[in-house]
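Chains A and B, in that order, are what the protein sequence lines are.
Take 4 as the starting number for the first sequence in the numbering used here and just add one per residue.
Take -11 as the starting number for the second sequence in the numbering used here and just add one per residue.
Heads up, some of the hints might be wrong.
With a cut-off of at most 25 Å between alpha-carbon atoms, the simulated PhoX-like pairs for lysine-lysine come out as follows [what the hints assert, rightly or not]:
#1 Lys97(A) with Lys159(A)
#2 Lys61(A) with Lys159(A)
#3 Lys97(A) with Lys207(B)
#4 Lys168(A) with Lys(-10)(B)
#5 Lys105(B) with Lys168(A)
Just some of the chain A residues that point at chain B, by a computed CB distance under 10 Å [what the hints assert, rightly or not]:
#6 Ser55
#7 Lys61
#8 Leu64
Every beta carbon over 10 Å from chain A, so not counted as near; a handful from chain B, in silico [as the list claims (entries may be wrong)]:
#9 Ala(-9)
#10 Ala46
#11 Ala47
#12 Lys105
#13 Asp107
#14 Asn205
#15 Met210
#16 Glu325
#17 Asp327
Honestly, the hints are just simulated from the structure, not real lab data.
Each residue gets a CB set at the ideal place from its N, CA and C atoms; glycine is no exception.
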Amino acid sequence: MSKHKQDYDEDEEVRIKKIRISGFIIGAIVGAVFYIGIPYAMIHYVEPNFDSYMEQLKVDLHIAWDSLTPLFERWMYAGVPMTLLGALTWSCPKGSRQRFLMSTIYLAASIVWLLYVLNFGVLPDLISITVDGNTYEFGLVLYFLLYLIVLFRALKILILFGVYKDSRDDYLEGE
Amino acid sequence: MKAVTIAKIARIIVIIAVAVVIAIPTYAGIESFKITDGDFMSTESIYDVNSMSNADLAANINKVTDSESGYKVSYGSVIGEDVPASVTETSDVIVNMRAAAVAAASEGKTIKATLLKPDGSIAKQDMILWMNGFTQYMTVGVKLGGSLVNIVKLSASLDSVINGSKIVISDVDMVPAGDAYRMTIPIPYLVFAAAMADGAHSKVGVTIGIDYNGFFNAKFRMDFPVEKIMKSFNGGGEVNLPTYETKKAAEGETFTYESKKAGSTHDGVEVKQEIDIDAKGVPGVADILAEYGAGEISIGSFGGEGGGLIIEVSDQGDIQIVSDKEYLLDALESSREEDGTLIINVEYLPEPVVVEKDQVDSLMEMFDELMSNPDYATILGGLGL
């Protein structure tokens, strides 16, 4: 290994240590809000109070939460490790190999998370809405569309690589 | 250009390309997904003997035959006869068609009428729509799109949801008819009985399942309150619904109604029996309830004054037969016209039902048999319900 390359690697380690805490905290907050806060609010605040909200708005709209609640629960429970992964990813600086590696792992995990939340595409009784006495139910079972969603999500690897490529020099030069 | 920008553009291009490939046929499918005939709460048939006048019915048949002679009409396997050059020249075809519908309904059947061309090929085949006060037919047609659209299945079901339990009234798959799908769902009015007896919380719904070219399978279900259904059947008029909570005990899809007023009298007629109705798979008396709410209900009257099968539904949901066998048969007999035909004024039909002389005897026998059986469910079954 050349002296120049060795310096870069040593510098990289130093920088990672420098920003780990702040990035971790920010990543944890963002992840906690999205993966835990939103579904928690839906289950514990929106759902129990939805009918009274609608009454106040004088809107004859009711939602059956039977099928949505499990979805939000899956969202929240599987969101705990996602929050942790997100925090770890954010703790690595852009342009670092660790950041690219963690981002890739996070991306793969997010695909699994999405599949799990969507019950792997099997949502036969997804939502039931009653409006003015009429009830409309919608169920969905995804086949090929599920693969497309995964594909679109997986394509984000291109962006991750682009970010890595663009940030690499700045990162190595110490910004 | 930054690598991340190139990556974003590349990703968007891929997504757009895939989306376009999917969106074009999807858009075409949506554009072409149209109800072609009828709607969810109406009937459509050239042989709608219920709502059509004789002239309308004749005009429809003449339209198909182009007023040419040599056509032959058959009503299932019941009646077959030649169609004159114009069916308006004689009312026999229409009258016989109505009679065939009455007979089919009384046997709990639906029949198709087929117009055969002079060469024996089918000119038009359609169901004889007959609303006997208990059964309505809902015809829905959906026209699908062009070659890019590949919706492989459409199905519909009609359910009544009662206190969270569901009774499947009809479950019909749409069948391809050229580039369209059509289905005809029989809606036994009396199926609504259980719903009505349960108060105003029951709903009737339609489910449409779509399998879109292997991409996804979607299910849409639309539930409508029974009152709205009945109002639409009732020309938008007010429907008097019971608002009580039923005493029925739900065990799966089995519902039991208990009558507790045996021995009471109604207009001097003693209630003969206490009736337990196991309504599993057996329709109830919703149409009647929709008309009257709780209280005395006459399924039909014969002639001008009363008679017919009278049922009393208490405000607790108890159902009792008020009229007895002799009462009913006397009413039937006294309602016969001089020419032997029988005119039945069914409350929910726009026109009286005319039962031809040769059909009256079998109808009388049917009522005789029905009224000899105190089991209300059997009576409903005997009425073709």
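Comparing the hints with the structure gives:
A hinted pair counts as satisfied when its Cα atoms are at most 25 Å apart, and Lys97(A) with Lys159(A) qualifies at roughly 16 Å. Distance hint between Lys61(A) and Lys159(A) is unfulfilled; the C-alpha atoms sit about 43 Å from each other, more than 25 Å. Taken as a hint, the Lys97(A) and Lys207(B) pair is broken in the structure, with Cα atoms around 44 Å apart against an allowance of 25 Å. Distance hint between Lys168(A) and Lys(-10)(B) is fulfilled; the C-alpha atoms sit about 9 Å from each other, no more than 25 Å.
Among the hinted pairs, Lys105(B) with Lys168(A) is inconsistent with the structure: their alpha-carbon atoms are about 77 Å apart, more than 25 Å. Checking Ser55(A) against chain B by beta carbon gives a least distance of about 21 Å; that is not within 10 Å, so the hint is violated. Interface hint at Lys61(A): violated, since its Cβ lies 19 Å from the closest Cβ of chain B, which is beyond the 10 Å cut-off. Given hint, Leu64(A) at the interface with chain B, is violated; its Cβ is 15 Å from that chain's nearest Cβ, farther than 10 Å.
Its closest Cβ contact with chain A, about 4 Å, brings Ala(-9)(B) to no more than 10 Å, contrary to its assignment away from the interface. Interface exclusion of Ala46(B) from chain A stands, the closest Cβ pair being 38 Å apart, more than 10 Å. With a closest Cβ-Cβ approach of about 36 Å to chain A, Ala47(B) is found to remain outside the 10 Å limit, as its non-interface label requires. Under the 10 Å C-beta cut-off, the non-interface status given to Lys105(B) relative to chain A holds; the minimum distance is some 44 Å.
Non-interface call for Asp107(B) relative to chain A: holds, since the shortest CB-CB distance, roughly 47 Å, exceeds 10 Å. The Cβ of Asn205(B) sits about 4 Å from the closest Cβ of chain A, inside the 10 Å cut-off, so the non-interface label is violated. Interface exclusion of Met210(B) from chain A breaks down, the closest Cβ pair being 6 Å apart, not more than 10 Å. For Glu325(B), the non-interface assignment is confirmed: its Cβ lies about 45 Å from the closest Cβ of chain A, beyond the 10 Å cut-off.
Non-interface call for Asp327(B) relative to chain A: holds, since the shortest CB-CB distance, roughly 48 Å, exceeds 10 Å.
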